[in-house]
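For the record, the sequence lines run as chains A and B.
For the first sequence, the residue numbers in this note's numbering are 1 to 307.
For the second sequence, the residue numbers in this note's numbering are 1 to 302.
Accuracy of the hints is not assured; some may be wrong.
Below, computed lysine-lysine pairings styled on DSSO-like, alpha-carbon distance capped at 27 Å [to be verified]:
hint : chain 1 : residue 1 : chain 2 : residue 2
1    : B       : K14       : A       : K192
2    : A       : K106      : B       : K202
3    : B       : K9        : B       : K117
4    : B       : K9        : A       : K187
5    : B       : K56       : A       : K17
6    : B       : K9        : A       : K192
7    : A       : K15       : B       : K202
8    : B       : K72       : B       : K56
9    : B       : K202      : A       : K11
Simulated from the structure, these hints should not be mistaken for lab results.
This one's a predicted model, so the numbers in the text were calculated from it and none came from an experiment.
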Amino acid sequence: MEKNHLLELHKLIRKHKLYDNLFAIFGLIALFSALFILFVLILDLVNTGYPRISQTFLTNFPSRFPEKAGVLSAGVGSILVMLVTAFIAIPIGVAAGVYLEEYARKNWFTALIEINITNLAGVPSIVFGLMALGVFVYKFGLGSSILTAGLTLSLLILPIIITATREAIRTIPGHIREASMAVGATKWQTVKHHVLPYSMGGILTGIVIALSRAIGETAPLITIGALTFIAFLPHPPFIPEAPYISFQWTMDAFTVLPIQMFNWISRPQKEFHVNAAAAGLILLSLTLAMNAIAIFIRYHFRKRIKW
Amino acid sequence: MSKPHLYAKNTWRKLREYFIELLLLLSACVAILATAGIVFILVYESSSFFVHVPLKDFLTGTEWTPLFDNPKYSILPLLSGTLVTTLVALFLAIPMGTIAAIYLSEYANSRLREIVKPLLELLAAVPTVVYGYFALLFVSPLLQKLIPTLSGFNMLSAGLVMGVMIIPYISSLSEDAMRAVPMHMREGAYALGSTKLQTALKVVMPGALSGITSAYILGISRAFGETMVVAIAAGMQPNLTWNPLEPASTITAYIVQVSMGDLPHNSIGYQTIFAAGLTLLLLTFLFNILGFILRKRFREIY
């Protein structure tokens, strides 16, 4: 009787150990199949798209003939839209983060701002596009321009930058601020000379991640009416006469890399799909490179600062 | 001589401090303006839409053909497409993401975790249009070999690829929640003779349920609002069906389809995308409220 009981117990233990080991294998499989899919995706893009990437692919305008088509206007469009986005989103995002962490009092208005930021982060990106279409394109009359695109993407990535800024600032111990104020610095001087420099690593990481998200964003830009076929470049930012700098280009029509890629995917001819893979490869490389930079910045700054 | 100078400097300084604070406050208010802009424009344009189309037709009809000669405005076909693709995505992402999270939090050593976690998060960094390409030109042909009746555009491959896309949202957040469960609770379970799996399922997961719920909700709202994957791979034909093997349009794909055409401003066709967008936003909002309630209900305080 006793012995039987013991045997049962052994059996039970063996059973649970087996489950445990099975799950460990299962977990590894789940993990690596997810990574494997990423690997296959990259491999597929490289296989199909890499042979297509050449100098003419980078310097040609889109064309009806797949072998003559290139990504010049899309690439320039992406760069310019990113420039406007960075120019708007970085100062506003960092300023809002600094305000919420360093200045804001705990009251209903601050709570309102915080709720709105959380909500914005959860809004589907295409809804930002609809808002931009209604407000920027028609109400403000900015049209389907590079400026509209930059404004739209800025609002889209604002929550990411604000949250990253706040988290970075929050890691700075309070005694740093107290020390600065004790020697007579004002609040802004404390922020400028201590808080911001020490949280730069986290803030930069957030900015790069946010911009990498913006560069691949497609849907909101289609919604505001970005064109898919552009065979000209925007106005040059520098002109020969005074004042030498022109902002005419911000009002120009544009296309960006992901939209160009979408356009090529939607065509029935196989040759265009090769172009799409090549554009996708460029886009993916940009995104992955930006993520690598973000990881590098985080690592670099984490090593340097010790409180 | 020196005193007035000091005072003047002080006033100037105070003024500057005040001005800077105002500037920072205004920046923070951009978030409120953006939300207000979104809600205002969606409600404003939708209200002109609902003047033409009774709410009852919008919610109960079976056809969505706003650009035809005999237009019918029922959101249901678009909603069914959205729900089916989202469900397919969750069907893949919730088990995979949860298992990966348990493995990373309870089984993996720290070196493996440090390497694998950022790699897994890259899945969420891939541009969605690239996922669309992958779904249409890689996954669909592959699935067609398994299911010969599958059409070129279908909700299955779009949903599956979307599922891969949201795995990191679910796994990362769930893992963070599980790692926040205090060690002594695990040790208590181990001391009673539990295996790692028993501890994970009966102690860690219930303890982290609040965080795991947020992870799921985030995954759901990502899949729900995802646009490019479905616009590329699921087809753009509104289709009231629950069969993932068929092509169908989603709310987001419809908005893209209309935006690519040349619809005159203020036409009813133009207003339909705002009505669709409002539906999308309301449903996303509903999910978030649900998540908030569940999170509160499952919150554990150690």
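Quick rundown of the hints versus the structure:
A C-alpha spacing of about 16 Å is found between K14/B and K192/A, which places the hinted pair at or below 27 Å, so the restraint holds. A hinted pair counts as satisfied when its Cα atoms are at most 27 Å apart, and K106/A with K202/B does not qualify at roughly 39 Å. Restraint check for K9/B and K117/B: not satisfied, since their Cα atoms lie roughly 53 Å apart, outside the 27 Å limit. The straight-line distance between the Cα atoms of K9/B and K187/A is roughly 16 Å, inside the 27 Å bound, and the hint therefore holds.
The hinted pair formed by K56/B and K17/A fails the criterion: a straight-line CA distance of about 58 Å is larger than 27 Å. Of the pairs offered as hints, the one joining K9/B and K192/A holds, with about 19 Å between alpha carbons and a cut-off of 27 Å not exceeded. For the proposed pair K15/A and K202/B, the alpha carbon gap of about 17 Å is at most 27 Å, so the pair holds. For a cut-off of 27 Å, the pair hint linking K72/B to K56/B stands: about 12 Å separates their Cα positions.
Between K202/B and K11/A the CA atoms are separated by roughly 21 Å; this keeps the pair inside 27 Å, and the hint holds.
Hints 2, 3 and 5, counting from the list given before, are not met by this structure.
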